[in-house]
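Asker: The lines below spell out each chain.
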Amino acid sequence: MVVFDEVRKIYGPDSVGIDRLSLNIEHGEFVFLVGPSGSGKSTFIRLLIKEIDPTEGTITVGGRNLNTMRRSKVPYLRRSIGCVFQDYKLLPGRSVYDNVAYALQVTGESPRGIKRKVPEILSLVGLSEKGGRMPTELSGGEQQRVSVARAFVNHPRLLIADEPTGNLDPETSIGIMQLLYRINRTGTTVIMATHDREMVDKMQMRVIALEDGRLVRDQRQARYARADEGPVGSSPAR
Amino acid sequence: MRLRVYVAEAIRSSRANVAISVAATVTVLIAVLLLGAFIPTFLAVQSTIDDQKAKLDISVYIKDEATVQQVQGLQNNIVGLESEGLVREFSYVSKDDALAILREQLRDESVLDELASNPLPASFEVLPVDPADNAQIVGQLEGHPAVHEELGVEFEAETTNRFLDVVTIVRWVMLGLTLLLLVAAVLLIGNTIRLSIFARRREVEVMKLVGATNWFIRWPYVIEGVLCGLAGAVVAVVLLLALKLGVVDPLSDATDSGLSDDGTASISFFSLALILILAGAVVGAVGSGITLRRFLRV
Ligand SMILES: Nc1ncnc2c1ncn2[C@@H]1O[C@H](COP(=O)(O)OP(=O)(O)OP(=O)(O)O)[C@@H](O)[C@H]1O
Ligand SMILES: [Mg+2]
Chain A
1 MVVFDEVRKI YGPDSVGIDR LSLNIEHGEF VFLVGPSGSG KSTFIRLLIK EIDPTEGTIT
61 VGGRNLNTMR RSKVPYLRRS IGCVFQDYKL LPGRSVYDNV AYALQVTGES PRGIKRKVPE
121 ILSLVGLSEK GGRMPTELSG GEQQRVSVAR AFVNHPRLLI ADEPTGNLDP ETSIGIMQLL
181 YRINRTGTTV IMATHDREMV DKMQMRVIAL EDGRLVRDQR QARYARADEG PVGSSPAR
Chain B
1 MRLRVYVAEA IRSSRANVAI SVAATVTVLI AVLLLGAFIP TFLAVQSTID DQKAKLDISV
61 YIKDEATVQQ VQGLQNNIVG LESEGLVREF SYVSKDDALA ILREQLRDES VLDELASNPL
121 PASFEVLPVD PADNAQIVGQ LEGHPAVHEE LGVEFEAETT NRFLDVVTIV RWVMLGLTLL
181 LLVAAVLLIG NTIRLSIFAR RREVEVMKLV GATNWFIRWP YVIEGVLCGL AGAVVAVVLL
241 LALKLGVVDP LSDATDSGLS DDGTASISFF SLALILILAG AVVGAVGSGI TLRRFLRV
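So the protein lines, in turn, are chains A and B. FYI, the numbering used here numbers position 216 of the first sequence as 216, with every residue one higher than the one before it. FYI, the numbering used here numbers position 252 of the second sequence as 252, with every residue one higher than the one before it.
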């Protein structure tokens with residue numbers, strides 16, 4: 001689904017985003033992207049949606065080479081990838097319903113299709129009652145669920161989330177996490193960048209750890225910290 | 001069907017950014033108002049100039065002894081100048097015509113009855129395409145055997161030159177005013193557009209992340225620009241109409257100078273309104289279209 005081959009992203013003389021990163025994420029996987037602040041997680045995600053281009057190396061998403069992809073094709077790439085961000089990135093001044101509907105409108109979906117799909121997805125994220133609310137009238141967790149709904153309404157094969165629970169309390173985070181897990185169970189590949197140690201430990205999924213832009217660990221059914229790091233990695237097993 | 005989405009988006013967006021929409025509308029309103037006052041003024045000045053030009057004709061006096069062939073030859077010369085593009089039109093004024101004209105001009109025409117014979121010469125009245133060419137035309141016709149020895153070919157060189165000077169000045173002033181108007185309009189619109197960039201940068205960023213194509217984002221804004229432009233232009237036209245009915249028309253009736261009544265030069269209010277409204281819509285569309293170009297490259 002996602003292949004990075006010796007990818008580097010240099011922002012400036014002394015600012016390295018990603019350094020010689022090679023990895024392969026299969027279709028249907030659930031992957032945590034972890035690492036300290038500034039390790040390149042957001043850079044990885046921005047490369048995936050071609051918001052930025054790599055300085056070196058090749059990126060392939062769903063069989064499409066992003067390096068050679070024309071600018072005019074980028075919107076179609078993004079429609080095939082659902083995106084969730086820490087700051088939700090909802091369109092202000094639009095209701096919950098309209099925010100989700102927008103993702104369908106850009107694809108040219110018919111009004112009838114929109115009327116059918118939006119309530120469906122809103123009920124999936126548990127916001128059936130709040131379609132008419134404005135984003136400012138929602139709690140952070142609710143806004144993030146709208147954002148997930150918008151990312152998933154097109155049923156993309158890949159869903160990426162950059163610290164989706166970064167602004168949420170632990171309980172609300174679990175709700176979002178469960179949502180992403182359910183989405184993964186429908187066959188959608190999910191990549192989630194996070195600092196949430198507890199969550200990663202609980203889920204026991206594949207963990208890709210970055211440090212200073214380099215891959216330092218890629219392990220299946222893993223915890224946030226390396227197993228042999230023991231107590232040094234903090235979060236002692238209770 | 002797409003169009004419905006775009007129009008709905010445009011209306012939604014102008015509601016969300018009322019202040020900017022109003023600013024854009026007022027900008028177009030001012031520009032169109034100025035343009036609307038300017039076009040008729042320009043045309044009026046132009047038509048006055050043309051009127052004056054028509055009076056700057058050349059009289060080619062014909063001596064009484066000239067034979068029919070000689071006069072025919074002179075006429076052929078003038079026709080030649082006409083085909084060279086120097087002469088716009090000419091007419092023959094016979095001795096009797098000249099007398100009739102004089103009779104009309106005199107208050108007491110009884111003086112003419114005392115004349116034993118008609119002392120006035122026949123003439124060709126030649127109207128040049130451009131009064132600046134008068135000297136050249138005179139040069140070509142002078143000395144023809146049919147031309148009157150004493151009266152010759154006549155035009156008022158001094159009047160013509162002074163008039164041409166005035167025309168030049170008026171032209172430059174008009175050009176200057178046009179440029180000033182254009183610069184002012186562009187600055188005003190540019191400023192409004194910068195405001196709208198600021199209000200919308202984040203929104204457009206998000207739209208692109210969701211996979212909207214540039215045109216999907218642009219169309220509603222272009223339509224919004226057209227709506228603002230139309231609204232501004234329509235209000236300006238209404239104001240101009242009020243101005244015309246309330247101030248200009250009574251005034252020109254009172255003076256009755258006939259300046260604006262010759263029909264050819266003055267523009268009908270209907271076509272003026274049409275031009276202005278069209279201009280408003282185009283300015284609105286181009287304005288928002290160009291604005292978005294800059295920050296659509298995400
Ligand atoms: N636009 C940019 N210009 C220059 N340097 C940048 C830019 N964006 C990121 N960087 C640098 O690239 C490196 C990786 O940044 P990135 O945002 O990918 O980290 P991150 O892992 O997402 O961090 P966090 O956990 O704090 O979100 C950092 O050193 C950062 O300073
Ligand atoms: Mg980040």
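For the record, the hints were derived by calculation from the structure and aren't laboratory data. A virtual CB, placed ideally from N, CA and C, is assigned to each residue, including glycine. Careful: at least some of the hints might be erroneous.
Using C-beta positions, here's what the derived DEER-type ranges look like [stated by the list, open to error]:
id, chain 1, residue 1, chain 2, residue 2, range
1, A, Pro-92, B, Leu-180, 36 to 42 Å
2, B, Val-286, A, Tyr-76, 26 to 32 Å
3, B, Val-183, A, His-195, 52 to 58 Å
4, A, Thr-58, B, Val-183, 48 to 54 Å
5, B, Leu-180, A, Tyr-11, 45 to 51 Å
6, B, Arg-2, A, Ser-15, 40 to 46 Å
7, A, Arg-133, B, Leu-179, 21 to 27 Å
8, B, Arg-12, A, Tyr-11, 32 to 38 Å
9, B, Met-174, A, Arg-133, 54 to 60 Å
10, B, Val-282, A, Asp-212, 35 to 41 Å
11, A, Tyr-76, B, Arg-15, 38 to 44 Å
12, B, Gly-289, A, Pro-92, 19 to 25 Å
Asker: Evaluate each hint against the coordinates.
Answerer: Hint-by-hint comparison with the structure:
1. Pro-92/A x Leu-180/B: 36 to 42 Å: This hint holds: roughly 40 Å between Cβ atoms.
2. Val-286/B x Tyr-76/A: 26 to 32 Å: Between Val-286/B and Tyr-76/A, where Cβ atoms are some 28 Å apart, the hint holds.
3. Val-183/B x His-195/A: 52 to 58 Å: holds (54 Å)
4. Thr-58/A x Val-183/B: 48 to 54 Å: At 50 Å between Cβs, range holds.
5. Leu-180/B x Tyr-11/A: 45 to 51 Å: holds (46 Å)
6. Arg-2/B x Ser-15/A: 40 to 46 Å: holds (42 Å)
7. Arg-133/A x Leu-179/B: 21 to 27 Å: Distance hint for Arg-133/A, Leu-179/B is violated at roughly 52 Å.
8. Arg-12/B x Tyr-11/A: 32 to 38 Å: This hint holds: roughly 37 Å between Cβ atoms.
9. Met-174/B x Arg-133/A: 54 to 60 Å: About 58 Å separates the Cβ atoms of Met-174/B and Arg-133/A, which means 54 to 60 Å holds.
10. Val-282/B x Asp-212/A: 35 to 41 Å: violated (54 Å)
11. Tyr-76/A x Arg-15/B: 38 to 44 Å: For Tyr-76/A and Arg-15/B the Cβ distance comes to about 30 Å; the hint is violated.
12. Gly-289/B x Pro-92/A: 19 to 25 Å: Check passed, 23 Å falls within 19 to 25 Å.
Hints 7, 10 and 11 from the earlier list are contradicted by this structure; the remaining hints agree with it.
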